[in-house]
Amino acid sequence: MRRSISLIPQRVSPIIRFSFPQRCVPFTTIQKLILPEDNYESTTSQHYAASSPCFLLLSKCTNIDSLRKAHGLLTGNGLMDDLSCATKLVSLYGSIGYTKDARLVFDQIPKPDFYSCKVMLGCYVLNKESLEVINFYGFEWKHGYNDIVFSKALKACTELQDLENGEKIHCQIFKVASPDNIVLTGLLDMYAKCGDVKSAHRVFEELTLRNVVSWTSMIAGYVKNDLQREGLCLFNRMREESVSGNEVTYGVLVTACTKLGALHQGKWFHGCLIKSGIELSSCLVTSLLDMYVKCGDINNARRVFSEHSHVDLVMWTAMIVGLTHNGRANEALSLFQRMKGVGIKANCVTIASVLPGCGLVGNLELGRSIHGLSIKVGLWDTNVANALVHMYAKCCQNRDARYVFEMESEKDLVAWNSIISGFSQNGSVHEALFLFHLMNSESSVTPNGVTVASLFSACASLGSLAIGSSLHAYSLKLGFLASSSVHVGTALLDFYAKCGDAESARAVFDTIEEKNTITWSAMIGGYGKQGDTKGSVELFEEMLKREQKPTESTFTSILSACSHTGMVDEGKKYFSSMYKDYNFTPSTKHYTCMIDMLARAGELEQALDVIEKMPIQPDVRCFAAFLHGCGMHSRFDLGEVVIKKMLDLHPDDASYYVLVCNLYASDGRWSQAKEVRNLMKQRGLSKIAGHSMMESEFSAIG
DNA sequence: CTAGGGTTAG
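Each number in this note's numbering corresponds to the 1-based position in the first sequence with 2 added.
Note that these hints are calculated values from the structure, not bench results.
Here a beta-carbon is modelled for each residue, glycine too, at the ideal position from N, C-alpha and C.
Honestly, I wouldn't trust all of these hints.
To be verified - 25 Å max Cα-Cα, derived DSS-like pairs, lysine-lysine:
#, residue 1, residue 2
1, K130, K170
2, K200, K157
3, K575, K615
4, K261, K200
What the hints assert, rightly or not - Here are the computed distance ranges between Cβ atoms for each label pair:
#, residue 1, residue 2, range
5, L162, G374, 34 to 40 Å
6, H266, G345, 34 to 40 Å
7, A484, R685, 15 to 21 Å
8, L162, H432, 37 to 43 Å
9, L480, G345, 47 to 53 Å
10, D83, G374, 54 to 60 Å
11, T553, M634, 26 to 32 Å
12, F176, S463, 54 to 60 Å
13, H432, K261, 34 to 40 Å
14, A484, E208, 29 to 35 Å
Taking the hints into account, I'd like the entire structure generated from these sequences.
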């Protein structure tokens with residue numbers, strides 16, 4: 003059928019016929035809007051007479067200008083009383099993002115029907131205005147419900163994390179309808195995302211028909227709420243019921259492995275994916291990449307990264323974050339530079355991910371330039387600001403940290419924690435404590451476990467038993483330890499251990515339910531610090547028995563414990579076990595322990611042998627340990643051999659000269675010590691004397 | 001109706 007302007011007078015258009023000429027609307031305007039003859043059919047609504055000229059006019063409007071023009075035209079001619087026109091207008095405004103205009107039109111409809119209400123709701127849904135969806139649903143909905151309306155309303159609750167309204171909708175669903183599978187899956191998803199896994203599971207169990215989507219949704223719900231093991235169990239059940247997973251399912255499972263640190267299991271899922279021939283979407287590739295890199299399997303991460311043809315921003319970011327988490331911040335930073343070189347533009351997430359790396363390696367220059375960049379291109383949100391605060395603090399730029407912090411209009415919990423933890427770590431312990439005081443007195447933000455964990459480590463470096471133990475009492479009162487969080491517990495344990503109170507440390511250790519390697523290592527180190535090598539060794543053996551995997555730093559703790567009490571044989575055993583059984587490459591720290599251990603025990607030839615044969619460059623601590631041993635055992639002959647070598651290697655570093663001075667002084671050779679001091683002066687070197695601190699006043703533990 | 005990367009803690 004030919005539909006053109008010539009048909010209009012013959013169709014149902016008394017209004018047009020009478021009103022347009024009367025109001026002197028230039029006919030050409032409408033002509034221009036309506037004229038194209040193509041695609042008329044495709045823009046018709048099933049609900050309204052396609053022939054309505056108003057509708058015809060509107061169906062040609064594709065941008066805000068033409069729509070506003072048409073809107074004015076219709077209003078001016080009193081055509082807005084027509085329900086179909088008004089509804090179409092609502093839908094069009096909504097489709098191009100003008101929900102406020104849509105609502106204005108909707109509110110002028112004298113008697114909106116079910117369809118027009120649905121269209122209005124659809125506008126909010128389309129533009130992800132979840133709050134409006136809920137408001138509209140709650141207050142204006144008078145026209146009955148159907149599954150689609152329920153689904154949309156539930157989705158809005160999910161996005162808003164609005165469990166309360168979600169529960170109300172749940173009640174309504176069963177009052178008025180027998181919902182279909184899609185509504186029920188939406189309901190399950192709402193509960194899961196709002197953190198109510200129990201209700202989600204109840205809905206899931208009551209489902210008569212479980213498909214991939216409902217299984218996946220339930221598994222994802224578990225994983226989102228940190229119940230990875232339950233998620234994996236459910237996957238087994240799913241397989242028993244012969245439902246096979248799709249790419250979404252595997253994505254969720256891989257994420258579960260990442261959270262568990264279960265590299266082996268994750269690899270197995272990767273294998274399943276390859277075998278099943280499921281195509282790897284970017285989401286899935288990112289999950290795999292994230293899993294490998296966060297589990298420390300950098301090689302496989304790199305393989306996934308380089309084998310994927312379109313590496314997008316999210317993948318780059320995942321890789322940067324993973325490297326940083328694995329103590330490879332420098333590689334992360336160079337990856338960030340490479341990403342810019344490839345022409346991929348960072349967003350807020352990337353910025354917030356790179357900054358911790360800058361703080362970790364103390365790359366203030368890059369940190370500052372990122373700060374500048376994010377201001378210049380407007381990449382700014384709370385997370386970026388918080389990351390900047392922490393970066394500046396880590397780089398000892400307290401003023402800058404404080405500046406960015408003060409500039410934040412709404413300081414959230416993370417903002418306070420960022421500055422407090424940053425100051426705690428850079429040695430500005432009193433500033434950290436002062437900010438904690440401000441946080442309590444001048445903000446509405448309540449501290450959490452992260453806050454006190456930071457402060458515990460601050461107290462540890464201050465050696466302040468008094469402040470630390472009152473903070474312990476405070477934490478008990480506020481319940482930060484009741485949930486037996488590993489983080490807080492380990493920080494507290496470490497605090498007592500570093501203050502030399504191994505007994506209290508052990509008491510805390512025993513209350514931590516889910517101990518991890520860091521917990522064990524801290525306790526092993528705690529015994530060592532107190533000279534209780536037996537305690538260290540026993541705990542280390544127990545750790546192995548419980549199948550807790552030691553890390554490099556666990557070996558540092560145990561080796562240093564052995565060195566304190568001269569347990570040379572045990573030390574040698576653990577050192578060789580470290581690289582033979584656990585495949586760890588010994589670091590300078592490990593070598594230092596060995597040198598210290600041998601030197602204290604008087605095995606100075608062996609110690610010298612270690613220095614000469616170690617595959618990495620010995621640092622100042624290695625030499626210090628050796629020279630200390632030389633002093634202890636009056637082997638100045640060996641000492642002088644090393645001194646010469648050492649000063650040749652590091653002629654400009656004052657700390658090495660100090661070692662030499664100390665050695666001469668320990669033998670009472672003051673004149674030679676003075677000579678070295680003079681040599682330092684000549685070369686323009688100076689060193690601030692180091693000091694250690696320990697509070698002598700002890701108070702009861704709260 | 002289900003799926004990817006982020007800031008603070010040991």
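Checked hints:
1. Taking the CA atoms of K130 and K170, the gap is about 21 Å. The hint holds against a cut of 25 Å.
2. With a C-alpha separation of about 19 Å, the suggested pair K200 and K157 falls inside the 25 Å cut-off, and the hint holds.
3. For the suggested pair K575 and K615, the alpha carbons sit about 18 Å apart, so the restraint of at most 25 Å is met.
4. The hinted pair formed by K261 and K200 meets the criterion: a straight-line CA distance of about 21 Å does not exceed 25 Å.
5. Checked against the hint of 34 to 40 Å, the C-beta distance between L162 and G374 comes to roughly 36 Å, which is consistent with it.
6. A C-beta distance of roughly 37 Å is found between H266 and G345, which places it inside the suggested range of 34 to 40 Å.
7. For A484 paired with R685, a C-beta distance near 57 Å fails the hint of 15 to 21 Å.
8. The hint said 37 to 43 Å for the Cβ distance between L162 and H432, and at roughly 42 Å that hint holds.
9. Between L480 and G345, the C-beta spacing of about 49 Å keeps the proposed range 47 to 53 Å intact.
10. For the pair D83 and G374, the supplied restraint of 54 to 60 Å holds, since their beta-carbon distance comes to about 57 Å.
11. Checked against the given bound of 26 to 32 Å, the beta carbons of T553 and M634, roughly 31 Å apart, stay inside it.
12. Distance hint check: the CB atoms of F176 and S463 are about 58 Å apart, consistent with the given range 54 to 60 Å.
13. Judged by the Cβ atoms, the range 34 to 40 Å given for H432 and K261 holds: they are separated by roughly 37 Å.
14. Between A484 and E208 the C-beta distance comes to about 34 Å, which sits within the given range of 29 to 35 Å.
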